[in-house]
Amino acid sequence: EAQVTQNPRYLITVTGKKLTVTCSQNMNHEYMSWYRQDPGLGLRQIYYSMNVEVTDKGDVPEGYKVSRKEKRNFPLILESPSPNQTSLYFCASSPANTGNTEAFFGQGTRLTVV
Amino acid sequence: DAKTTQPNSMESNEEEPVHLPCNHSTISGTDYIHWYRQLPSQGPEYVIHGLTSNVNNRMASLAIAEDRKSSTLILHRATLRDAAVYYCILKTQGGSEKLVFGKGTKLTVNP
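First to last, the sequence lines map onto chains L and P.
Heads up: the first sequence is residues 1 to 114, going by the numbering used here.
Heads up: the second sequence is residues 115 to 225, going by the numbering used here.
Heads up, a few of these hints could be off.
Stated by the list, open to error - Derived list of chain L stretches under chain P, where covered just means 3 residues or more per stretch with a C-beta under 8 Å from a C-beta of chain P:
id: 1; segment: 61-72
id: 2; segment: 85-96
Stated by the list, open to error - Using C-beta positions, here's what the derived DEER-type ranges look like:
id: 3; chain 1: P; residue 1: 125; chain 2: L; residue 2: 9; range: 28 to 34 Å
id: 4; chain 1: P; residue 1: 142; chain 2: L; residue 2: 20; range: 37 to 43 Å
id: 5; chain 1: L; residue 1: 96; chain 2: P; residue 2: 128; range: 22 to 28 Å
id: 6; chain 1: L; residue 1: 63; chain 2: P; residue 2: 125; range: 36 to 42 Å
Simulated from the structure, these hints should not be mistaken for laboratory data.
Glycine residues also receive a C-beta, built at the ideal position from the N, C-alpha and C atoms.
Could you build the full structure based on these sequences and the hints that come with them?
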């Protein structure tokens with residue numbers, strides 16, 4: 001079954017404690033990205049990757065890092081989380097640069113930073 | 115990114131058809147019209163997309179105006195499971211894969 005898997009689904013952490021949210025896809029997609037969703041602000045892109053070792057900033061990259069060492073994995077790293085990063089996070093993947101294909105989203109990670 | 119405009123909310127009764135409109139007056143010739151939906155507590159889910167011609171799949175139909183400045187997502191028989199926020203998004207062929215989500219239309223389905 002084609003899917004994007006995120007872990008963990010829920011996470012409560014304290015300010016400043018480094019954390020990683022994992023994302024894995026099984027469709028051999030080139031393009032992967034991270035979004036955060038906040039009430040009243042909708043879904044906004046954090047970072048994206050066009051392929052292995054190719055990553056770039058999205059609209060709200062501050063406070064986040066990513067890596068793309070393998071095609072299937074695209075972890076989101078918060079090196080020093082702050083309360084304003086409390087949000088619902090989604091990972092997505094799709095074939096690259098066509099406009100004519102669908103994106104697949106993970107089930108989401110609800111992060112609370114206290 | 116070309117912009118889309120959708121009503122904030124719509125309501126329907128179960129088993130009835132639903133027509134969700136989207137305006138995209140600045141669409142360019144290489145923009146595909148995509149629809150996604152987000153059920154409560156879930157990630158966005160692809161529904162359908164098209165370029166110029168009307169499209170049908172197992173989930174819905176997409177009717178595209180002749181001038182492409184508007185489109186309508188049609189759910190033929192709404193069920194309670196169709197209650198979600200529906201997003202109309204433009205994607206350019208050969209352009210960024212980024213999906214620009216607006217506020218979407220919140221669809222309520224009454225039993």
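Verification of the hints:
Given as covered by chain P, the segment 61-72 of chain L fails the check, having 0 residues with a CB less than 8 Å from a CB of that chain where 3 are the minimum. With a cut-off of 8 Å between beta carbons, the segment 85-96 of chain L has 4 residues touching chain P; three or more are needed, and the interface restraint holds. Distance hint check: the CB atoms of residue 125(P) and residue 9(L) are about 31 Å apart, consistent with the given range 28 to 34 Å. For residue 142(P) and residue 20(L), the Cβ-Cβ distance of about 39 Å falls inside the hinted range of 37 to 43 Å, so the restraint holds.
For residue 96(L) and residue 128(P), the Cβ-Cβ distance of about 39 Å falls outside the hinted range of 22 to 28 Å, so the restraint is violated. The hinted window of 36 to 42 Å between residue 63(L) and residue 125(P) holds, with their beta carbons roughly 39 Å apart.
Checked against the numbered hints above, the structure breaks hints 1 and 5 and satisfies the rest.
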